[in-house]
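Undergrad: Sequence:
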Amino acid sequence: MKQLFLKISLTIIILFPHRGIGGFVFGQGLSLKECVDIAIKNNLTYRESQIMGESANIELARAKSQIYPRIGFGTGQDVRVGRSIDRFTNAYIEQVYTTNYFGLQASMPVFNGFQIKNQIRQNEFLRDAGAKNIEAVKNRTIIGIIQAYLQVLASQELLEVSKQQVETAKSQVERVNKQVAAGVVGQTELFQVQSQLVNDEFSLVTAQNNNKAARLALFQLMNQSSNNATSFEALKDDALQYTIDNQTIDGIFEQAANNFPEIKAGELRLKSFDSQLKATQAFNLPQISLSGNYGTFYSSSNKSENYFTQINGTRSGSLSLDISIPILGRLQNAPRISAVKIQQQLSQNQLNVAKLQLRQAIEQNYQLLTAASDRYKVASNQVNILDQNIKAVESRINAGTVNYLEYMLAKTNFDRAKSNLVQAKYEFLLQKKILDFYKNGEWRIE
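Going by the numbering used here, the sequence shown opens with residue 1, and the numbers climb by one from there.
The set of hints was computed from the structure by calculation and includes no laboratory data.
Lysine-lysine pairs mimicking DSBU-like chemistry, simulated, CA-CA at most 30 Å apart:
| hint | residue 1 | residue 2 |
| --- | --- | --- |
| 1 | K163 | K377 |
| 2 | K117 | K132 |
| 3 | K117 | K264 |
| 4 | K355 | K439 |
| 5 | K264 | K439 |
| 6 | K212 | K41 |
| 7 | K341 | K271 |
| 8 | K212 | K170 |
| 9 | K236 | K439 |
| 10 | K212 | K377 |
| 11 | K64 | K341 |
| 12 | K33 | K439 |
| 13 | K278 | K355 |
| 14 | K132 | K278 |
| 15 | K391 | K377 |
| 16 | K264 | K432 |
| 17 | K264 | K41 |
| 18 | K132 | K64 |
| 19 | K439 | K132 |
| 20 | K271 | K355 |
| 21 | K264 | K132 |
| 22 | K355 | K432 |
| 23 | K341 | K117 |
| 24 | K278 | K117 |
| 25 | K377 | K432 |
Ranges of calculated distance between the beta carbons of each label pair, as one might list FRET restraints:
| hint | residue 1 | residue 2 | range |
| --- | --- | --- | --- |
| 26 | F308 | Q343 | 55 to 61 Å |
| 27 | E48 | Q343 | 19 to 25 Å |
| 28 | V173 | Q357 | 51 to 57 Å |
| 29 | R83 | I342 | 55 to 61 Å |
Note that the coordinates shown come from a computational prediction; the quantities given were computed from them, not determined experimentally. Idealized CB from N, CA, C, for every residue including glycine.
With the sequences and hints as input, model every part of the structure.
TA: Below, the structure is given as structure tokens:
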């Protein structure tokens, strides 16, 4: 069995070298959009929201079905024993006989205080709210992928920075070793650069682990097994060409409130309670219904007529219009109406909370984006200046006019500046995408 499995696996790898389990692409680069598509396809919470949306459609169909007439056909065979009334002579008889009957019944509501109409309207609102909830779950899935994807890209860049730091430290150790052998510098300088190399190697291990953790988090959000052969494409450089406009918080909030699926879903649910309230109040109004029946029967007690003669001769039907006027229903509907009003107030409060949270989130995001923009600009200038500084220090080392302690300090500052630049860049990208999301009400992945 194991050999058979290995043969099948090798065949799959040979025939489909770039295709993995579940359609996942191994050994190739994945873009942000591809990661989002995989996550949405495999996300169980998103699938649950779709199932709930299907349930809302079913409830709407059930509400609409109440406007159609109810038609039924019935038949039966029974045996009478003891004293009973003969259906033909209306006289008492005491014998064993059988009856067979057929009947067709129909009924339909004519007026019920627009109860069905309002129930249909209520379920239409709930159906639309369910559709908006699907969008909201999709957006939450996407934001998780974006955050994880940017974290992977940031950890990759930080890993490259750490590798460059180790290579630079190794070259300095090699250079100082030669200088020590030539008697130009002492062992103290060698120990200093060796300690810097050890620190850089420790930072490299930390960066490698951070990168592995970030990749694992992204794969888990996509509901896929982690794969070291998969790379992730960097974002376009023009993503950083972004200026914060002078649009006010109120303007952004107004756009978000008009487009945000969570807000739209809350508004639709609130409207559904208006229809539910009217449908509940309809129980206090008169009900009018139309019904009819048509049937025939046979009885073995009638010895003078055969089966088909009786069936033909006993045909009868009726048509009735029924009016029901509620007078006192044990005061059951008043609490129902009050319960719906309480739920309506709760829904209104939940909508207000959602709007408040949205506005606060926009305010925080706007502040974070401004701060990230400032940090990115400062970090860029810092890297440029410290790059020139470390080059100057290196040239002075080569000339023998500066000690290695000063070099190590300059190198530490430069390495820290490069790490700050990477972190500031991806924080800026994340906050930019979040602000665009608030403006558009949806994630737009190019």
